[in-house]
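A.B. asks: Chains as they are written, first to last, in the working numbering: chain S, 1 to 492; chain F, 1001 to 1492.
Because the hints were derived from the structure by calculation, they are not lab data. Hints are not guaranteed to be accurate.
[To be verified] Below are the DSBU-like pairs computed for lysine-lysine, each with C-alpha atoms no more than 35 Å apart in a straight line: (1) F/K1250 - F/K1187; (2) S/K250 - F/K1250; (3) S/K147 - F/K1147.
2 protein chains.
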Amino acid sequence: MVPDLAPQREVGHRAARPGAGQQPYGVAVTTLATAWVDELAAALGPHGVHTDPDVTASYARDQAMLAEAGTPAAVVLPRDTADVVAVMRVASRHGVPVVPRGAGSGLAGASNAVDGAITMVMTRMDAVLEVSPADRLAVVQPGVVNKALRDAVAGSGLFYPPDPSSYDWCTIGGNLSTNSGGLCCVKYGVTTDYVLGLEVVLADGQVLRTGRRTVKGVAGYDLARLFVGSEGTLGVITEATLALRPAPQKPVTLVATFATTAQTGQVVERVVTTGLVPSLLEVMDNTCIRAVDDLLHADLDRDAHALLVAQSDAGGEAARQDVEALAQLCREAGAQLVHTTEDPAEGDLLLAARRMALPALEQLGTTLIDDVAVPRSRIAAFLDGCDGIAVRRELTIGVVGHAGDGNMHPTICFDPTDPDQRVRAFAAFDDILELGLALGGTVTGEHGIGSLKVEWLEREVGAVSLDVHRRIKDALDPAGLLNPGKVLRRGA
Amino acid sequence: MVPDLAPQREVGHRAARPGAGQQPYGVAVTTLATAWVDELAAALGPHGVHTDPDVTASYARDQAMLAEAGTPAAVVLPRDTADVVAVMRVASRHGVPVVPRGAGSGLAGASNAVDGAITMVMTRMDAVLEVSPADRLAVVQPGVVNKALRDAVAGSGLFYPPDPSSYDWCTIGGNLSTNSGGLCCVKYGVTTDYVLGLEVVLADGQVLRTGRRTVKGVAGYDLARLFVGSEGTLGVITEATLALRPAPQKPVTLVATFATTAQTGQVVERVVTTGLVPSLLEVMDNTCIRAVDDLLHADLDRDAHALLVAQSDAGGEAARQDVEALAQLCREAGAQLVHTTEDPAEGDLLLAARRMALPALEQLGTTLIDDVAVPRSRIAAFLDGCDGIAVRRELTIGVVGHAGDGNMHPTICFDPTDPDQRVRAFAAFDDILELGLALGGTVTGEHGIGSLKVEWLEREVGAVSLDVHRRIKDALDPAGLLNPGKVLRRGA
């Protein structure tokens, strides 16, 4: 089935040029609005549907500067599952594509608008429906902000671990759609590890409930985890039952600096082989150290080649022992400085250097944040490779990453007004992905494929896997209405 | 496509009645053997294909007494992925169904033979291909016995947690296909939590490699976890990359007995709400206690209504504190006896009572082992419900279970030669599933759907989920060749 896109494309085309119009956009859109916009308004009410380009444009993009974005023909803000069903029924009846999105913190363009499509913004469905300490779970709507969930369960002594950097504004629905990670992953895993059950509205408007409230369960296929990480291409998540953990203990923190990446890599490798499980193990390279020191005047060692920050939240003596063992590994690897603290406030300060790495790099220019995960034994090789790319492409590249799980974020700093730098920056972005694959890694550790890395997914997974992806996409969304062009090329 | 089954059905039909034949089976099978058997023999060699009914019958069943089983038309024992590809190509060319299986320890009939089908036995593909301490993973073939993998990684100080009761003879391929659990789940999760990547031969013989060697990765759909737990209905797993953990510390063990199930339930609920994470938390009811005491003469309290066994492997002082906190919860709930030990040998002895529960129940008659997971807050209600079913059906039902994760195994003991008892036993089996669903649970926590619970899956997941299951099955196995009639009804 070929979606009937022509009228919507026209809307998108006009809306994509704010300020260039010959007539007020509101009028233009009203004139062009087709039956399906009226149907949406009838179902969701006038406040649930927007076609004013000033409004729709604000929902056109996530944070992925490299990714293309169209303009939504309409933006809908459902208030409940019934609204989502109504939207999908209208969309499938008229063959209009739908782009689901949360807050738009994504870094791969997964929620970027598609010309002529409906952008479905889930942020109004933001209720924490239940927190059950007895079953150690929460039931939430997709628009709940990650931090709001963390706060909602903290009162019960509980903890929702996945903590992407944008945790104070990204939504759980977005986290589910991209299978988000964060700083916690080295010990606590990623979003999918906390998904017990989902409610999903399918392309045809049917409501699927899958998964469970129980800790274990093997009845049928693991559909919940198929939807997690599928970036809105298979269905729209409208509710999630999430496992929680006991609140962690106060952390003990370590910072160490090194003269070479090889030393840093040795520490990570020995953390793995000695069986230590820190609750956080982050790395910054010299570029990041200097940028952060410039920004925070934190008296960091500006000549250090790499800085490790680690924590243990095992509690009391166990945490002290973990961090002392980490300190010993750092010393054995030849660390220039090793500092530990049991004071959580000082720990927060030390961690602030890591958390400020990206804002600090942004002082150096526009940033392109890449996202590669490599086997943990290859971290030193990856850091060295990024240094080589920076030299070859004559660009500043700061590497910050989750050393404990091998997920690195090389960040290219450049001047976007310089065409030559742009070309080199984009080339360096690809060089980094190439390097990751060559080291046995993946082109995305936690940001997703979105529209940015569709061709890279094809390279990484190969023809057979791509065929299986396509077969599953076609089975669940035969008309190709859900987030077309994301993860997979737009269907033929 | 309708598989060309007639000749194979005939073979199965004959072979299903050993001793009833009018002619020697070997001759009959040879006479009936069709072109595809010759093609299999040409591909796998004469030692890779068996049609002798004495041989094929031995591969006809797993351990699920209630589940129906046909007789394989042929049994193949591939030695490598190329052999599996060859089998699937022959099978798809001729429309012959294929039942993949491991050691046959399953409890739901998932690997039971289908008349006229090829049973593909994966036990010869039993190599541990790699153990990487630096990346904390292992790469294995599916025929590796669970215990062999555990032993293979122990030398590197590593640990593969999933530990089904049959761990000393079940295979990893079977564990993957059913997403096995075990005693470890309360702390360490289930099989799918350890799957990084898979090699899978699809129905048409294509080889899919999916997943990764990295800790994190979100490139594309989570296909690996779609195959895990799909019980051989979507593809044949030929290799797995599995995450490992650091070896656990020596356990500290606790045993406690209670006069009421309510007290036991209270302890479990408080373990959850207080945030304790024991590495093992098992429950046995009075029927099990008495059966074990009869078998082991272990001087157990035969009047106790329930017995809890718990361990912490957190190590040293942390483990002592965990177990003391558990002991305190037991005392507060009114335990009759609380005993703890730091001596691993004594801990093993205490755990032996739990491990011997099923063999002990088998002394009371033929056993039907059920497998229900309920939310942890409903364990006491579930135990009481099972008592009620035992009274109503006038049967002995012993309940043993993984209290820490709510996965219970009520075990019905009966005399199969008594037709009336058989009827009541099968009815009680269903009553228990009904009870589990009524308490918000699932009809299978870790044994799977197999052929035994196909109708129960339909009841549990409902029409929309079933439709999604069917769409995925059809997308990956359009001819319905892989393990037909398992998980889902045989395709229309």
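A.B. asks: Taking the hints in turn, state whether each one holds.
C.D. replies: Status of the hints after comparison with the structure:
1. F/K1250 - F/K1187: Holds, at roughly 15 Å.
2. S/K250 - F/K1250: Holds. S/K250 to F/K1250 sits at ~25 Å (cutoff 35 Å).
3. S/K147 - F/K1147: Since the Cα atoms of S/K147 and F/K1147 sit roughly 42 Å apart, the hinted pair is violated (cutoff 35 Å).
Going through the hint list in order, the structure does not satisfy hint 3, though it satisfies all others.
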